[in-house]
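2 protein chains.
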Amino acid sequence: MKLAIYGYGNLGRGVECAIRQARDAELVGVFTRRTPESVKPLTGAPVFAAADLLQYKDKIDLVIICGGSATDLPKMTPVLARDFNVIDSFDTHANIPQHFDAVDAAAKESGHIALISCGWDPGMFSLNRLYASSILPDGADYTFWGRGVSQGHSDAVRRIDGVLDARQYTVPIEAALDAVRSGTMPELTARQKHLRECYVVAAEGADKARIEQEIKEMPNYFADYDTTVTFITKEEMQRDHASLPHGGFVIRTGKTGLNKEHTHVIEYKLKLDSNPEFTASVLVAFARAMCRKAARGETGCKTVFDVAPADLSPLTGPELRAHML
Amino acid sequence: MKLAIYGYGNLGRGVECAIRQARDAELVGVFTRRTPESVKPLTGAPVFAAADLLQYKDKIDLVIICGGSATDLPKMTPVLARDFNVIDSFDTHANIPQHFDAVDAAAKESGHIALISCGWDPGMFSLNRLYASSILPDGADYTFWGRGVSQGHSDAVRRIDGVLDARQYTVPIEAALDAVRSGTMPELTARQKHLRECYVVAAEGADKARIEQEIKEMPNYFADYDTTVTFITKEEMQRDHASLPHGGFVIRTGKTGLNKEHTHVIEYKLKLDSNPEFTASVLVAFARAMCRKAARGETGCKTVFDVAPADLSPLTGPELRAHML
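If you read the protein sequences in the order shown, they are chains A and B. For the first sequence, the residue numbers in numbering that gives the first Met the number 0 are 0 to 324. For the second sequence, the residue numbers in numbering that gives the first Met the number 0 are 0 to 324.
Any given hint might turn out to be false.
Because identical chains share one entry, a pair is satisfied inside a single copy or across any pair of copies.
The calculated SDA-like cross-link candidates involving lysine to any residue, where the alpha carbons are at most 20 Å apart (straight line), are [claimed, not checked]:
| no. | residue 1 | residue 2 |
| --- | --- | --- |
| 1 | Lys107 | Ile159 |
| 2 | Lys254 | Arg22 |
| 3 | Lys254 | Arg81 |
| 4 | Lys270 | Ala174 |
| 5 | Lys207 | Lys292 |
| 6 | Lys270 | Asp137 |
| 7 | Lys207 | Ala48 |
| 8 | Lys270 | Pro136 |
| 9 | Lys270 | Met184 |
| 10 | Lys207 | Asn258 |
For the record, the hints were derived by calculation from the structure and aren't laboratory data.
Let the sequences and hints guide you as you build the complete structure.
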């Protein structure tokens, strides 16, 4: 499969590496809205101007769109689906139905296929919620995130006056995980499920007490959580907080039996050294499935729910049945 | 969907309960090779002779075959696939390709659809092996079972002279799990991965030392493992070992990044109070998907790898995207 990367930030770099690990994938090039000469891909892949993408239409099986969910993807994915098979990692959960409809209309009209909201949440976590709730209809679902860096929360702290840099870790609370695993189906508040740890580089002379208070009282982001704030130096930030680890848990507990006397616990856990590289790896596996669907003449917008797992693997059906079933 | 149960042991009883929990499923009846009058279903479902199944052909969307893998299913599933859509839980991993071919030929010829090897291993564990290896091509897979009752190993102990009853628990070794989760991709022997705990009721006057030695030295089943043997009374067996718990772990660790500098751990864990009831719950969810595939005109033999997850849920596409993605 011949793949193009559209947008070259952390996720684009991850996709570049993941394509190199896929034995059946080839990277046509990186397409950027910046000056192509200013972009230096990790693997030396060719760089082209985003505006020139259409010139490469015949050389590309699928475009992996590596833009942000806030403003890039709602515009980019429907537009690119007019000319290409596409895949994105749109992760604003509340706006997925709207994004789906826009992409579906564009892809159906042009006869292309598109996959939105692919990654780990939405993505692999969604799949695990779906499998587990289909198997155990009488039960309850729980999703925990972390320990990992939340970009949105880190950005929120950085916007506070006097903050030079910040990193926010979302931390699942072990007691809540244990309560869920017990099968008692507890109702848990935001505060009971996650801690928020902030590491902050303050400007010289900034009022640290005021910064800490502003963080802890910030509505939506921090007010509903127990939050810790630790001031560190710029050097400590670079040394100890340069990577982007993440992960989390999807747990469903449910009952079966004549009188629902038996409890089952299904737990899916991710522990990721690099959030963007793992997301990229999921994207490349689903890109393979989308290329196969396109070859079968399928069109329109899909989600991870619509992909038969066999289509994700470079192995054949007989190989999968013999070695993986 | 109108479902029939073919065979009424532990698994058949589990399916009966699981059908009651599925809001879109109806149980046509239990079909048994025993005298129908001798079978008393938990929920009062009607019981018919297995030999009369064909008379109910027009009333049944799909037959869930609840026979054993050793001798029942290799014969039953291809035969029933001549007249019905069918699903089974065939779990002799080494013979899956052969079973698939036999069922596929029968189902294609008759225009029916069939799903084989559905449950949790093969089944949900297989799906997790496939997803994880597709996402992380540079990595290693590990499957651990337990703590849970292995029927095959329990039966092997029961065949020893002087043994009245036996229960064998397969127990994953925590140190091996931790080594796997560390991402070092260790090579582990059978002995390093699992312990085998046996609880045995011996006949009066039986030579317990000889029984213990015969268990521990039994090739394939026990010789390659650290095995404990505990002699208990018939009453203790009934009181403490009546249920059939099971579970296990599928873990894949893999590397990403330009120089494979980042490690990721994907872990899927099941903790099941009742092995047959959980297997039954998986069967009913996949029965739903098979009925939908049949309605779309698909035929032939499938595995869990061929099922798009959306087909497992009673929810619609828009509902799934809005609430579960």
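message = Please sort Lys270 with Ala174 into within, between, both or neither, judging by C-alpha distance up to 20 Å.
response = both (19 Å within a copy, 18 Å between copies)
message = Cα distance capped at 20 Å. Does Lys107 pair with Ile159 within a copy, between copies, both, or neither?
response = neither (44 Å within a copy, 65 Å between copies)
request  = Could you figure out if Lys270 and Met184 sit no more than 20 Å apart (CA to CA) within one copy, between two copies, both or neither?
outcome  = Only across copies: Lys270 and Met184 sit 15 Å apart there, 24 Å inside one copy, limit 20 Å.
key: Copy assignment of Lys207 with Lys292, given that the CA separation must stay at most 20 Å   = For Lys207 and Lys292, the Cα distance exceeds 20 Å both inside one copy (55 Å) and across copies (62 Å).
request  = Could you figure out if Lys207 and Ala48 sit no more than 20 Å apart (CA to CA) within one copy, between two copies, both or neither?
outcome  = Intra 44 Å, inter 79 Å, cutoff 20 Å: neither.
message = If the cut is 20 Å between Cα atoms, do Lys270 and Asp137 qualify within a copy, between copies, both or neither?
response = between (28 Å within a copy, 16 Å between copies)
Up to 20 Å CA-CA - Asn258 versus Lys207, copy category = neither (57 Å within a copy, 40 Å between copies)
task = State whether the alpha carbon distance between Lys254 and Arg22 is at most 20 Å within one copy, between copies, both, or neither.
result = Between copies only: 15 Å across, 42 Å inside.
message = At most 20 Å between alpha carbons: which applies to Lys270 and Pro136, within, between, both or neither?
response = This pair counts as between: shortest inter-copy Cα distance 17 Å, intra-copy 27 Å.
query = For Lys254 vs Arg81, is the C-alpha pair at or below 20 Å within one copy, between two copies, both, or neither?
reply = neither (46 Å within a copy, 35 Å between copies)
This entry does not satisfy hints 1, 3, 5, 7 and 10, going by the numbered hints stated previously.
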